[in-house]
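As a plain string of letters, each chain reads:
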Amino acid sequence: MKRLFEVALGILAAIGGFVDIGDLVFNVEAGAKFRYQLLWVVVVGVVGIIVYSEMCGRVAAVSKRAVFDAIRERLGFGLGLGALVSSQVVNLMTLAAEVGGLALVLQLLSGLPYRALIVLGIAALAVVIWVAPFEWIERIFGYGGLTLLVFAVAAIKLHPGWGSVAHGFVPHVSSSDRLVYAYFVVGLLGAAMTPYEVYFYSSGVVEEGWTPKDLGLNRTNAMIGYGLGGFLSFALMITAGALFLPLGIEPQLIGTVALGAQVPLGTIGLILALVGILFAVGGAAIDTCFSGAYNAAQYFGWEWGKYRRPSGAPRFTIAWVVLLVLALLVIITGIDPVMLTEYAVIFSVVALPLTYIPILLVANDKSYMGRYANGKLANAFGLFYLVVILIVAVSAIPLMVITHQGQG
Amino acid sequence: MSGPEELDLGLGILDHQLVDSEGRRCGNVDDLELEDVREGSPRVAAILTGPPVWGGRGRLGRLASAVARGQTVRIPWEEVEKIDSAVHLRRTARELRLGRGDDRARRWVKWVPGS
Amino acid sequence: MRLSDLLSIEVRTESGERLGHVHDLRGELTSRSLKVNGLCVGGWGLLERLGVGSPESGGRIHIHDVVPWSAVVSASRRGIVVRDGTKPK
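Chains as they are written, first to last, in the numbering used here: chain A, 21 to 428; chain G, 5 to 119; chain X, 74 to 162.
Okay, chain A solo, but in the shape it has when bound (with noise of 0.2 Å):
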């Protein structure tokens, strides 16, 4: 029973860990723009991130070594340090992003100057690492994400046409302004298959000791924790598509955002929207941090953990140390954050067939993985998935130039 409950605990911190900058930007976007129509492709992006996930913990939890071990080992030495330069500078743009979405919250909350809430952001993420138990962190940085379920609220009191809502899960194409709906489809499911929480999560999953017993739990972990999570997307894009489509109003800023929840709920709605928004990115922007360190500290052999002292990993420390230095600097030059998050999604899904194809490789193996090895569902998913990966790897960058991003 108590397993039950931690099971159930650690799900609503997934949930309210699910949504980071690249999810509220896109979705809000999208729904802005296209109203419904792109539902069904939070859906696609969803199912993929938890097929990727199950099988980096599985190898996690079988192997004992998390993603970037098995990308050194089958990539080599070059090709794997290639891999890990790119991830890295996919990971400093997230976690700058992230960071500004920060700052512009509090900036909102407090009035305060923008450039001096991202050194005071920067710092409490720092200061809250170093001291606080990471157990502590994950729970209080996914309730408080879960506030952002008052978009579930909003998106049901502005009274959407519930019609429409449904035929949005339907795949299909749009009629008009087709360059633009495939950026949109890049973007979600880019911004839904962020791999930096792949690789914070098989981490843990090799941190706690997990055994080939716990893959039932790897498996609902996945499945529940990203599912409701990308049930917060769809609340997101509802909400923006009920409100800022009739009204023309194209979300380019954090506030926008926000103003999803106010209209429909008042004052209280732009609270909890706000404070929702807060804790899922800076939430996000510690997972980002972290991932950073894993990599770096995984492909090189140093000592690794979340929960170890700062001084049982000392480069492990200096690594997420110097990764938020480094966003800083990025964030503080005054880059748009909304555009440093649109950047950062569509480089991350350049560089996701890098470290897809050895996991996928890998979970293959029935030489490492015994017969926890992919089946023929998994490896039905997983080579839909690959495909799909692919594509949108390809066409990612010229949909991003001949769109404008997104601006037609």
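Just so you know, these hints were derived from the structure itself, not from any lab.
There may be inaccurate statements among the hints.
[Said to hold, decoys possible] Label pairs and their in silico Cβ distance ranges: (1) X:S106 with G:G74: 21 to 31 Å; (2) A:W156 with G:R104: 54 to 64 Å; (3) G:R108 with A:E270: 45 to 55 Å; (4) G:R104 with A:R329: 18 to 28 Å; (5) G:P117 with A:V193: 18 to 28 Å; (6) A:L346 with G:R94: 31 to 41 Å; (7) G:P117 with A:G268: 50 to 60 Å.
Glycine included, every Cβ here is placed at the ideal spot set by N, Cα and C.
Using the hints provided, position chains G and X relative to the given structure of chain A.
Coordinates of chains G and X only, in the frame set by chain A:
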């Protein structure tokens, strides 16, 4: 274990994690030193680890080797206890002179309270 | 000589027939030593590069064409030469 076991050096040992007798992660297998190759009965003499060793691992390896600090550590093959997804060693990292990067880094990290 | 010196180098027979490149070295592991007893040879297989292993090994050997080391005539950084008539199996 009954009788010898077959193993591919590149797949099963190279680029795998090194773990000492206390379970501490202490580097990666960056290369293997072979001996008696010309004599026709080659065997693995030692594990090699450290930034200078990366120079033998291709172009990116040479680049990384030029940028990183650190020394080569040679671990005689007799120090290997067992091989699963990692290479487990018979003695501690300290005795084998491994993990010194973490030791160096620890001195910096310890400056901050709460570490 | 190091393992990295031998990986990816060309394998030819004494009469110059090209057999491919070295994908890996096969070894025999005892409690005290690791002796090299074979060469994994083949074309530029992407799957082999990415390390697809063989189920029976419980481990850690490639599904591969292997040349026993006894067939090797000479081995250097420039290449490996094996006796004529050697066919990987």
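Against the structure, the hints come out as follows:
no. : hint                           : verdict
1   : X:S106 with G:G74: 21 to 31 Å  : holds, 28 Å
2   : A:W156 with G:R104: 54 to 64 Å : violated, 33 Å
3   : G:R108 with A:E270: 45 to 55 Å : holds, 51 Å
4   : G:R104 with A:R329: 18 to 28 Å : holds, 19 Å
5   : G:P117 with A:V193: 18 to 28 Å : violated, 58 Å
6   : A:L346 with G:R94: 31 to 41 Å  : holds, 40 Å
7   : G:P117 with A:G268: 50 to 60 Å : holds, 53 Å
Hint compliance for this structure: hints 2, 5 are not met, and every other hint is.
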